[in-house]
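Just so we're aligned: the sequence shown equals residues 1 to 229 in UniProt numbering.
Keep in mind that the hints are not guaranteed to be accurate.
Label pairs and their in silico Cβ distance ranges [as the list claims (entries may be wrong)]: (1) 35 x 148: 34 to 44 angstroms; (2) 90 x 187: 26 to 36 angstroms; (3) 110 x 50: 25 to 35 angstroms; (4) 48 x 85: 42 to 52 angstroms.
Capping the alpha-carbon separation at 25 angstroms, the derived lysine-lysine pairs in PhoX-like fashion look like this [as the list claims (entries may be wrong)]: (5) 44 x 116; (6) 106 x 116; (7) 210 x 185; (8) 190 x 106; (9) 210 x 190; (10) 52 x 139; (11) 117 x 52; (12) 190 x 208; (13) 210 x 106; (14) 116 x 208; (15) 44 x 113; (16) 44 x 117.
Everything labelled a hint here was simulated from the structure, so no lab data went into it. The C-beta atom is built at its ideal place from N, Cα and C for all residues, glycine as well.
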Amino acid sequence: MYDPFGTRIKHETRFNYDRIPAVVELCIQAGVDLPGYPSRRRTKPIRMMGKKVIDIGGLVEEPRPTVDTNSAIMDLDTHRSFERFAPPLESEVPRIAQETIDAYEKVKWGVTKLMKKYTVKACGYCSEVHVGPWGHNAKLCGEFKHQWRDGKHGWQDATVDEVFPPNYVWHVQDPKGTPLRSALKRFYGKAPAVVEVCMQAGAQIPQKYKPMMRLDIVLPESEESRLVA
Numbered sequence: 001m002y003d004p005f006g007t008r009i010k011h012e013t014r015f016n017y018d019r020i021p022a023v024v025e026l027c028i029q030a031g032v033d034l035p036g037y038p039s040r041r042r043t044k045p046i047r048m049m050g051k052k053v054i055d056i057g058g059l060v061e062e063p064r065p066t067v068d069t070n071s072a073i074m075d076l077d078t079h080r081s082f083e084r085f086a087p088p089l090e091s092e093v094p095r096i097a098q099e100t101i102d103a104y105e106k107v108k109w110g111v112t113k114l115m116k117k118y119t120v121k122a123c124g125y126c127s128e129v130h131v132g133p134w135g136h137n138a139k140l141c142g143e144f145k146h147q148w149r150d151g152k153h154g155w156q157d158a159t160v161d162e163v164f165p166p167n168y169v170w171h172v173q174d175p176k177g178t179p180l181r182s183a184l185k186r187f188y189g190k191a192p193a194v195v196e197v198c199m200q201a202g203a204q205i206p207q208k209y210k211p212m213m214r215l216d217i218v219l220p221e222s223e224e225s226r227l228v229a
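Please put together the full structure from these sequences, using the hints given.
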């Protein structure tokens with residue numbers, strides 16, 4: 001959004017705004033100047049009484065449109081990304097995996113810090129997230145009893161996992177072994193998808209993920225599972 005405290009997004013005007021990742025929008029509102037996505041900057045705090053803005057704060061010079069925006073925002077588009085980047089060498093995979101898990105932890109830490117300063121809203125019914133002091137009015141919610149709400153979202157304060165979802169997957173102890181079996185699912189651990197793929201690629205996993213991945217459990221055979229307490 002050009003001005004988070006400006007006109008609220010309505011259902012009829014929803015196509016006038018670009019949809020970008022929530023983390024990118026949060027960084028833009030925090031001060032990152034990204035070509036193609038100008039944002040109104042203020043020099044003084046905004047004063048509000050409830051949801052009513054009393055003082056909009058001092059404004060700095062309006063951002064100027066840039067000429068070339070393709071190069072800066074190309075990384076945000078994941079369409080056919082495997083064709084744009086060549087696969088790495090086998091010897092470089094562990095290093096890339098370690099850099100990826102370190103970057104994942106750094107981004108999550110940064111999002112946690114920014115959310116203490118900038119308001120982020122999440123729908124209590126669906127996975128919609130909005131970065132701003134209040135949610136938008138686009139009637140796009142299709143979850144439980146959405147007909148009663150006319151498709152409006154139920155906005156509430158967002159958590160870090162809603163803005164930067166971990167997407168938990170089953171942990172596979174041996175990627176080249178037998179497939180996971182439903183009868184043994186209570187013995188399998190879970191981890192965020194990024195953590196799991198980095199571990200399989202050779203990265204050192206942070207200690208906080210190891211308990212949920214259940215690395216200290218020996219998987220029994222199918223006929224032995226019913227004998228385990």
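Results of checking the hints against the structure:
no.: 1; hint: 35 x 148: 34 to 44 angstroms; result: holds (42 angstroms)
no.: 2; hint: 90 x 187: 26 to 36 angstroms; result: holds (32 angstroms)
no.: 3; hint: 110 x 50: 25 to 35 angstroms; result: holds (30 angstroms)
no.: 4; hint: 48 x 85: 42 to 52 angstroms; result: holds (44 angstroms)
no.: 5; hint: 44 x 116; result: holds (18 angstroms)
no.: 6; hint: 106 x 116; result: holds (16 angstroms)
no.: 7; hint: 210 x 185; result: holds (17 angstroms)
no.: 8; hint: 190 x 106; result: holds (21 angstroms)
no.: 9; hint: 210 x 190; result: holds (9 angstroms)
no.: 10; hint: 52 x 139; result: holds (22 angstroms)
no.: 11; hint: 117 x 52; result: holds (19 angstroms)
no.: 12; hint: 190 x 208; result: holds (12 angstroms)
no.: 13; hint: 210 x 106; result: holds (18 angstroms)
no.: 14; hint: 116 x 208; result: holds (22 angstroms)
no.: 15; hint: 44 x 113; result: holds (21 angstroms)
no.: 16; hint: 44 x 117; result: holds (15 angstroms)
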